[in-house]
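Please build the complex by placing chains L, H and F on the supplied structure of chain X, with the hints as guidance.
Number of protein chains: 4
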Amino acid sequence: MDLGMTERVKPLIEQVRRMIEDEIAPLDAEFHAEVGKHPSGDRFKHTDRQLEILGGLKARARDRGLWNFWLTGSDRGYGLSTVEYAYLAEEMGKVHIAAEVFNCNAPDTGNMEVLERYGEQWMKDRWLAPLLNGDIRSAYVMTEPDVASSDAAQLAFEARRDGDDFILNGEKWWISGAGDPRCGLYILMACTDPDAAKHSRHTMFVLDPDLEGIEVLRPMHVFGQDDAPHGHMHIRFTNVRVPTANIVLGEGRGFEVAQGRLGPGRIHHCMRAIGQAEKALSMMCQRGLAREAFGKRISDLGANYDIIANARMEIEMARLLCLKAAWMMDTAGVRAAQPWISKIKVIAPLMAGKVIDEAMQLHGAGGISQDYDLAHMWTHVRTLRFADGPDAVHRRQVARAELRKHVNEKI
Amino acid sequence: MDLGMTERVKPLIEQVRRMIEDEIAPLDAEFHAEVGKHPSGDRFKHTDRQLEILGGLKARARDRGLWNFWLTGSDRGYGLSTVEYAYLAEEMGKVHIAAEVFNCNAPDTGNMEVLERYGEQWMKDRWLAPLLNGDIRSAYVMTEPDVASSDAAQLAFEARRDGDDFILNGEKWWISGAGDPRCGLYILMACTDPDAAKHSRHTMFVLDPDLEGIEVLRPMHVFGQDDAPHGHMHIRFTNVRVPTANIVLGEGRGFEVAQGRLGPGRIHHCMRAIGQAEKALSMMCQRGLAREAFGKRISDLGANYDIIANARMEIEMARLLCLKAAWMMDTAGVRAAQPWISKIKVIAPLMAGKVIDEAMQLHGAGGISQDYDLAHMWTHVRTLRFADGPDAVHRRQVARAELRKHVNEKI
Amino acid sequence: MDLGMTERVKPLIEQVRRMIEDEIAPLDAEFHAEVGKHPSGDRFKHTDRQLEILGGLKARARDRGLWNFWLTGSDRGYGLSTVEYAYLAEEMGKVHIAAEVFNCNAPDTGNMEVLERYGEQWMKDRWLAPLLNGDIRSAYVMTEPDVASSDAAQLAFEARRDGDDFILNGEKWWISGAGDPRCGLYILMACTDPDAAKHSRHTMFVLDPDLEGIEVLRPMHVFGQDDAPHGHMHIRFTNVRVPTANIVLGEGRGFEVAQGRLGPGRIHHCMRAIGQAEKALSMMCQRGLAREAFGKRISDLGANYDIIANARMEIEMARLLCLKAAWMMDTAGVRAAQPWISKIKVIAPLMAGKVIDEAMQLHGAGGISQDYDLAHMWTHVRTLRFADGPDAVHRRQVARAELRKHVNEKI
Amino acid sequence: MDLGMTERVKPLIEQVRRMIEDEIAPLDAEFHAEVGKHPSGDRFKHTDRQLEILGGLKARARDRGLWNFWLTGSDRGYGLSTVEYAYLAEEMGKVHIAAEVFNCNAPDTGNMEVLERYGEQWMKDRWLAPLLNGDIRSAYVMTEPDVASSDAAQLAFEARRDGDDFILNGEKWWISGAGDPRCGLYILMACTDPDAAKHSRHTMFVLDPDLEGIEVLRPMHVFGQDDAPHGHMHIRFTNVRVPTANIVLGEGRGFEVAQGRLGPGRIHHCMRAIGQAEKALSMMCQRGLAREAFGKRISDLGANYDIIANARMEIEMARLLCLKAAWMMDTAGVRAAQPWISKIKVIAPLMAGKVIDEAMQLHGAGGISQDYDLAHMWTHVRTLRFADGPDAVHRRQVARAELRKHVNEKI
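Chains as they are written, first to last, in UniProt numbering: chain X, 1 to 411; chain L, 1 to 411; chain H, 1 to 411; chain F, 1 to 411.
Isolated chain X (complex conformation) (with noise of 0.2 Å):
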């Protein structure tokens, strides 16, 4: 069981901490203060100056090789395993647009990753070649508002079978991605048969996102704010025609699809918390160190040191945790895997609040300001906590896991 990084990725890993350290990070608050400065008035809209951020860091990273990392186990670019990459996305976390920048942001790694696995050889002409390329966006189509998408079964976006065409209706909110005007994918999921078995009712489609009858309604809030322009749109499908070509898989197939995406880009979401937590422990401690009162550095008064060495502490125990269900992902596969993943999932989050909370407090007032990241990679790790299953369902699979190696039946 080997968690530690290997001697291929560890000059990669060196390369993109250097890039995101040297040429990311100086452009990633000059990309943010530019929202909502187009001509426009539009905060979904890029100005010239972010297109040309993106487009330079892009294009430097892809000259230099610095791309689709997260292709595991595949025989296209680096054919990492679960583990390498993960130590990549880690450094990734610690600044916003940096996975974007090697082409490997949520969603569109899970989506790519949908069409390379599931996708007829069109679709992926159509949409995985500009996607692996960085040309265009994707977003993934899933929760809606009027159930609780815990339960996916649940989910009743309607979609009605007319000759050899589906009709879509209904609504979807929190699909991330979908206010960047460079978005031209949907990968939904829709009810074709609620009369079904559980798992067999739904089905998943990729689509156009300016097909006739949708309909952005609005951005919505991540504590107040509206993450422009990536965003994470409400959206009404009213009446909206489909080929049945665009099916994925198959019709009634749709939960097949959703479990193979999800997999891995949970450990990837875990490991860039990790990375936040790990800036925001920087932070503290370089706080702490430099900064005065009653008469003493602030890492030396009061719980300090404790909150310091318990930050650290836990950091630890997530990566490794996060590090054995990348190496079950690669060994085991992501059946096997999915306890492990259940586990990180609920770990790594809870984790990178806690650390990042704790670096807020001892920056004082500045830390919940626009002055320090800190403020918001904790809004950012709190929505990590419902994204791809809450808390609650993931502890349930660990319980369900546990209770089964002591009773023959269904638990």
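If you are wondering where the hints come from, they were derived from the structure by calculation, not from laboratory data. Note that this is a predicted model, so its numbers are computed, not measured. A few of these clues could be false.
Remember, identical chains collapse to one label, so a pair may be satisfied in a single copy or spanning two.
Think about it this way: if two alpha-carbon atoms lie no more than 20 Å apart in a straight line, the pair counts; the simulated DMTMM-like pairs of lysine to aspartate or glutamate are [said to hold, decoys possible]: (1) K354 x E278; (2) K58 x D22; (3) K405 x E278; (4) K296 x E144; (5) K198 x E278; (6) K405 x E21; (7) K405 x D300.
Just chains L, H and F now, with coordinates in the frame of chain X:
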């Protein structure tokens, strides 16, 4: 030790609660939706509709005599005790603009107390009267970007004597309410003698916000939000000239004023936070009963009974502790109440943060969005763990008071 | 809602506190050191010295009128309110044998309440009178080894009618006080009709411990200790014959008696636990001030200020909550007080366990040894998380009460 | 960083696990039930049956070559790595007497390491050989009643030179294993030069336990239990004469020996604690599935799924952290591994305590009784939060290591 609602205050609570539910809550969302819609595009200017909403509600509250409850132990107004007022503050915490409607909002109440207690007659005429009328707003100008304000003796903003004036130079930030165009008073703490004894270095001034040399640099963001038009402003003072007559209480007595100001305000903050926790628990129950997953009410799933029970227990304990701190203030004075205020200052925001966090989690992704108050409540109570002294400083006070019971020396 | 010490109870508290400190505490260790020294080697027989210690202290307490305080709301004794008694119970919690010295110890107080409230005159003459005098002890015989007592309806110990008698068969365990040779009464709950409605299956009996067919199998160990000579006994009943006249209140009304019995007792347990937490905090401060490491007082090291502050805050909150539960019992009756009793039943033992745990940690290895009371206090409060219903059951009650505020149906 | 079970160690684990389950566990309870049954009444003498049990098991283990696994990185025995041994230690943690059966129990392993690494040949001949054979036991004599041992430089037990001898005077306590009549060696740390530099004051001696002037005063109790016949003894040394030749490594080098001794031992303790947590989780699941209340399996009630899931997640993280510490020791040496050992020393006992506590709670009152191992496991892991340095000291080490990454100076 009567911590209950008195007969006198019960009808007031009932009236306040009814007005909040029936009249204020329905307009609260509209008020906030107006932010940024001023024709000038200036988020720190009220729209006509905002002024209409506020003005109408305030007039009605005042007509009904639901006004200035915070004037505790006074022969003006109701002469409520702090315990009695605490129950009212809890209600006002449940809706964002409610406290201002009843002229009970921070930082104005604290500032009015300073004027009432320490101000000279001309100061009262000029600023206290219109504040009591709700005609102007005010700001308390203390925190500085370059020092840890937890150790207030470090505050370095300079006030240099020049004849009958003082010349102010330096920066202050997190000046809440200074964004409001109706803000007509700054109460400002400055260092007049850096070489004096630790608690005699600072002096409190009253001044107009539109003096020459005062420049509002930017709004500080609270988890990405500018809280316009109230705002928490970063302000630069360049050679601002203030007459000696504008000193409150006396040169070098800034700490005394600051201490007198903070006691009641902290309790008010805490009771409002408890009100928010009550609201969150109520929302959590309603959501848990209304929504289903896996064929059950969400409230019946997993650990939700325990979560609800823990929330109820922690709210009750925090409220009782807060009421005891209020009772100490009423019966033993602000100095003797100090360790009790420190206790509740630590407990209430932590508790409220936890309860609101659980309520968000039970709401799923919607819980962090603009569709519910939870996200804003959560970020707001998080700020209370810094405001008026970070948790660590208050815990330190509690511990010192405890240890002093066992030794006959300074701890 | 007056939760304070009344003028009436203050001198009693002072007398009780003084007698505990001056007279009881010094003999407590000696009493326990005598355990196992009876010439027979039987740990469940008092030595002469033990009887002398207890007898002497009890006589003195009684002579001073410091006796049977627990008889709240009664015209016998002091007629204290539950709130008033709670303050006395806190003091008595600080030294192991103190409660018995004042004839206020469990399970006798609860048993006396059963007799007082539901007993017939002959039962009062035979058992209540000597219990009120402190001449005999008693046991409450409810818990069974084979069922989860948290769901008391499951209790299966059989009482089968045979003419004018009932024949008892089955096992009971954790029968506290049944080891004491002075134990002269069992109050026993048995299933008289397993087919009746859930809460009408059981009947409460009073009986002599020396009836034929009663066999004490063994003392249950509490973390390895047998708590001799009090003991928590495992008892087998084989064809034990009890007359119908020994039924309390009526056949099938066992639950009613049990519920009436448990309310006050739970509050007493909680207040004694709070007394132990106070003692632990006091020991923690004294140790922290007296001992040095790394050139500093231990109290000045690491997170100890925070630990002390947290302990103080949690004790205060638990005490206020407990006093409110007592006040509810005094003013609204045991039924209305039920959710409040559940709250404090969860909170007080958890809180005390945490404070004592921290005090142990600060004492180093000595803290878990026989040289300090901490270890025994810790294991004792741990048992309170099971006794009279486990935490989970009480949390469930609190949650149901909360949810019922929002729906018009049985939860 | 291979943290997995190697092919080499897998069959050993299997053999050890099987022998523990099939042969040792069934005799463990009988061994402990014999305590105190020696005809002399002396709890610190083994009964014949105890010697028979231990002797028989040890002979069989040795015959099978399941012996002295702890000799890691050595060409004697198996030459296992610390990572490999860690997996074995986890298994041995599950049954009390198991570690001794395989000659892998504390404090003997640490003492053997001292002799192996720093001992002179005559010391090895005299004490190491019979220890490796399992013929004698030993004790490590460090902790003192009058100083906080967390700051070991304070240790004041006196060794005064007198010609070719040293004269020892003072008291030591918590000397584990010194109660065992087979104990044939003390390794003792004494202050030979109180005026020397902080880490050069102390010297390590080897000596016979039956020297004149050594008096075992009493067994220290661990939550009321004396752990006989092993025991944690309080010992007084009065003018005990030890030749200079009995010094290990050199005068003033006691700290060096102590540091070298403690690293591996801490990891072993932690892995055994993890074994106990696994056992507790397993018991929790079995109990939850077997017992019913309110018409459901207990595992299906309330928060039990979450409790089980949390236990599983925390065990996995602690195990991975422990394995990483072992791997650091194997690959980078004990000094570089130090912060990792501190981390796991904090985490493992806390985690195990929490898991065992939850398992007890789910077992109801039985869980704290003699009918299950849980109570003894719980009190045992609680002691690990003091043993080999309290949590606070280890957290301090972790924090200092963290801060040192950011400054170029001594922290």
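Hints, verified against the model:
1. K354 x E278: Within one copy only: 12 Å inside, 24 Å across.
2. K58 x D22: within (14 Å within a copy, 54 Å between copies)
3. K405 x E278: between (35 Å within a copy, 13 Å between copies)
4. K296 x E144: between (52 Å within a copy, 19 Å between copies)
5. K198 x E278: neither (41 Å within a copy, 35 Å between copies)
6. K405 x E21: Intra 46 Å, inter 18 Å, cutoff 20 Å: inter-copy only.
7. K405 x D300: So K405 and D300 pass the 20 Å test across copies only (16 Å; inside, 47 Å).
Of the numbered hints listed earlier, the single one contradicted by the structure is hint 5.
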